[in-house]
Amino acid sequence: MTTWLPVLPVVAPLLGAGFATILRHRVRGQRRLALGAAVVQLAGAIGLLAVVWRSGPLALRMGGWPPPFGIVFVADLLGATMAVITGLIGTAVVAYARADASRRAELDGFYPLYLALLAAVAGAFLTGDLFNLYVWFEVMLAAAIGLLLVATRPAQLDGTLKYALLNLIGTTFFLVALSWLYGLTGTLNMADLHLRVPAVENRGAVLTAAMLLVVAFGAKAAVFPLFFWLPASYHTPLASVSAVFAGLLTKVGVYALLRVFTLVIDGAGTPIQTVLCWIAGLTMLTGVLGAASQQDIRRILSFHIVSQIGYMVLGLALYTPLGIVGSIFYVVHHIIVKANLFLVSGVVERLGGGGDLRQLGGLYRRDGVLATLFAVPAASLAGLPPLSGFWAKLLLLQASLAAGYWALAATALVVGLLTLFSMTKIWNEAFWKDAPATLPGGRLSSERRRLLLAPIAALAAVTIAIGLWTQPFLALAERGGATLLDPKPYLDAVREASP
Amino acid sequence: MDSAYAAVVGIVMACAVYLLLDRSLPRMALGVILLSAAVNLGIFVAGRLSRQRPPLLPEAVDRLAAEAITNPLSQALILTAIVISFGLTALLLVLVLRTGRELDTLDVDALRISEPPEDGAAH
Numbered sequence: 013m014t015t016w017l018p019v020l021p022v023v024a025p026l027l028g029a030g031f032a033t034i035l036r037h038r039v040r041g042q043r044r045l046a047l048g049a050a051v052v053q054l055a056g057a058i059g060l061l062a063v064v065w066r067s068g069p070l071a072l073r074m075g076g077w078p079p080p081f082g083i084v085f086v087a088d089l090l091g092a093t094m095a096v097i098t099g100l101i102g103t104a105v106v107a108y109a110r111a112d113a114s115r116r117a118e119l120d121g122f123y124p125l126y127l128a129l130l131a132a133v134a135g136a137f138l139t140g141d142l143f144n145l146y147v148w149f150e151v152m153l154a155a156a157i158g159l160l161l162v163a164t165r166p167a168q169l170d171g172t173l174k175y176a177l178l179n180l181i182g183t184t185f186f187l188v189a190l191s192w193l194y195g196l197t198g199t200l201n202m203a204d205l206h207l208r209v210p211a212v213e214n215r216g217a218v219l220t221a222a223m224l225l226v227v228a229f230g231a232k233a234a235v236f237p238l239f240f241w242l243p244a245s246y247h248t249p250l251a252s253v254s255a256v257f258a259g260l261l262t263k264v265g266v267y268a269l270l271r272v273f274t275l276v277i278d279g280a281g282t283p284i285q286t287v288l289c290w291i292a293g294l295t296m297l298t299g300v301l302g303a304a305s306q307q308d309i310r311r312i313l314s315f316h317i318v319s320q321i322g323y324m325v326l327g328l329a330l331y332t333p334l335g336i337v338g339s340i341f342y343v344v345h346h347i348i349v350k351a352n353l354f355l356v357s358g359v360v361e362r363l364g365g366g367g368d369l370r371q372l373g374g375l376y377r378r379d380g381v382l383a384t385l386f387a388v389p390a391a392s393l394a395g396l397p398p399l400s401g402f403w404a405k406l407l408l409l410q411a412s413l414a415a416g417y418w419a420l421a422a423t424a425l426v427v428g429l430l431t432l433f434s435m436t437k438i439w440n441e442a443f444w445k446d447a448p449a450t451l452p453g454g455r456l457s458s459e460r461r462r463l464l465l466a467p468i469a470a471l472a473a474v475t476i477a478i479g480l481w482t483q484p485f486l487a488l489a490e491r492g493g494a495t496l497l498d499p500k501p502y503l504d505a506v507r508e509a510s511p
Numbered sequence: 005m006d007s008a009y010a011a012v013v014g015i016v017m018a019c020a021v022y023l024l025l026d027r028s029l030p031r032m033a034l035g036v037i038l039l040s041a042a043v044n045l046g047i048f049v050a051g052r053l054s055r056q057r058p059p060l061l062p063e064a065v066d067r068l069a070a071e072a073i074t075n076p077l078s079q080a081l082i083l084t085a086i087v088i089s090f091g092l093t094a095l096l097l098v099l100v101l102r103t104g105r106e107l108d109t110l111d112v113d114a115l116r117i118s119e120p121p122e123d124g125a126a127h
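Those protein sequences? They're chains A and B, same order as listed. Take the working numbering: the final residue in the first sequence is number 511, and no numbers are missing along the way. Take the working numbering: the final residue in the second sequence is number 127, and no numbers are missing along the way.
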C-alpha cells in the first residue's frame, strides 16, 4: 500500500480529469467528481506525509526500470508537504468554485482542466526526474491556458496570450538546459545528477546549464525581470482560477529552484548564488513598488505575488540551513495566504460590482465577516504577529542577518512595511471608507455567501493555526530543509526504489 | 558534420529570435514554433551524431565503445518534446486566431485590454 502512495496525489486528480471530460454535459456529476478527486488527493498526500515523516523518503520507480534509467517518483518531506498544500488549496478552491464558476465556465470544461492542473502541480512536486519535471511543467501550462480562457471575455484573451507566449519561451529554456545537462552527465535522474555533476570537468558548461535553469524556473516563478506575464493575466479570469494560480503555480517555480539548486547543482559559493541574491532583492522591490501604483484589487495582489517570491528566493540564495528552512516555511505560509486573498477578492468583486478600489467602499458595514476574513490573510501577508507571515519573515530576517547580508535584510524589512501599506490601502478603500453613492454592487444570496465564505474561513483558520502552533510546522520545515542540504536519505531512497 | 549541424541550429535559432521580436502575433507564433524546432535539433547533439548505426548490441557482445553508436534516449526525449510542443503550438495558434477575430487586431502593441494604459506605471 505504502509503495503506491507517492503517485496517489497525481493519479487521483488525473483520473478525475479524465472522467470529468467524459461527463462533459453533466455539470452536477462533474462537481461531485472534482470535489471527490481533490479530497482524495489531499488525503493521499497527508498519508504520504505521515509515512515520510515516520520512516524517511519514499521512492517509486516506473515500468520496472532501475533508477538511473527509468523515471522515479520520490517523496521526501519537502515534496510531500507541497503535495499536502496542493491538496488543501485544491479542495478549498473547488468548494469555492461551486458558487463562483458560472454555468458557462462549467460547460467550458472548468473541472477537467482544474483537475489536470492539480495533477500536474503534484507531479512536479513529487517527481525525481528532471525531464519528467519538464513534462509536468508543460501539462501545467496547457491546463493553465485552458483555465484562463473558460467563459472568455476580451481581457482574458489578451492576458492569456501574454501568459502563453512568455511561459512557452520559458519552458523552452528548460529544455535547452536539460539537453546540456544530459550531454554533460548522461543522466536526468535528480539523485544521479547529484553524484555526477560535481565530477564534470567543464564547469563553464555546468554553469551555463545552471543559468538556463535559473531563467526557466525564474520565468515560472515570476522573478525580476521575468514577471511581466503575471500581472498581465492573473486578474482577468474567474476568481477561483486566479486563486489556484496565485497559490500554486509560481510556487512550482520556486520549488524547482529549491530542489535543483540544492540537490542537483550545488550553487553555494558559485556565481549562481550571487545571481539569486540579486534576483531576490530586485524581485521583492519591483513587486511591491508595482503594487503601490495599482488601483485594482486583484492587480495589487498580483504584484504582491511577485514581491513575495523574492522572499522565498532570498532564503535559498543565502545557502544556510536557516535560510532554506525560512524559504520552505515561507512557501507553505504564502500559498495558503495568497490563495485566500484572491478568494476574498472574488467575493469583494461580486459585492462591489468590480475590482476598482476607487469605486468600492463600505464593505465592512455590509459584511463584517468578510472584512474579518480579509484582515487575517492580509495581516499575515504583511507579517504582523502572531500570524504565519510574521514567523516566516522573522526566520528569513534572522537567516540573512546571520549570514551577513545586511542589504538584503534591510530590503526585506522595507518591503514588509510597503506590503502593510498596500494591505491597508485595500482595507481602507474597499472596506472602511463610506460606500460611494452610486455603488453598482450586486447582492449575494445567503446560500451562495455561505458557500463562498466557508473555504475562505477554513484557509484563514489554517493561517492562524500556523501562527499560533508554529513549532510543528517549523520542525517540518527544518527536517525538510535538512534533507535538501544533506540529501543522503533521498539518495538511499532512490537507490532502493520499489518497483 | 558537427560544425555544419551547429550552424544549422544557430541559423534556425536566429530566425526564431528575429520572428519573436516582431509585433505581429502570427509571426511570434511562428517564432515559437521555430524556437522549439531549434531546441529539438540541439538535443540531438547531446546524444552524439552518427549515421545508420542502430543502438543494438550484436550477439555475444556485452558492451560497445561509447562512440560506436548514438544514444537513443536523447532521441526519445526529442520525440516527447515534439509531441508536447505540437500540442501547445496548436493551442497557441487557436489562441492567436481567436484574438485576431474577437479583438480585431494582431498587433501586440494594441493589446492593452487587460492592462489599460492609464494604470500602467510599471510598464
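Read the hints as simulated data drawn from the structure, not as lab findings. C-beta: ideal position from N, C-alpha, C; glycine also. Be a bit skeptical, because a hint or two may be false.
Unchecked claim - Stretches of chain A that chain B covers, calculated by requiring three or more beta carbons in the stretch to come under 8 Å of a beta carbon on chain B:
#1 180 to 190
#2 208 to 218
#3 238 to 247
Here's how the hints hold up against the structure:
Chain B is given as covering the region 180 to 190 of chain A, and this holds because 6 residues of the stretch bring a CB closer than 8 Å to a CB of that chain, at least three being needed. Remark: the region 208 to 218 of chain A is not confirmed as covered by chain B, as 0 of its residues place a Cβ nearer than 8 Å to a Cβ of that chain, below the required three. For the region 238 to 247 of chain A, the proposed coverage by chain B is satisfied: 5 residues have a C-beta within less than 8 Å of a C-beta in that chain, meeting the threshold of three.
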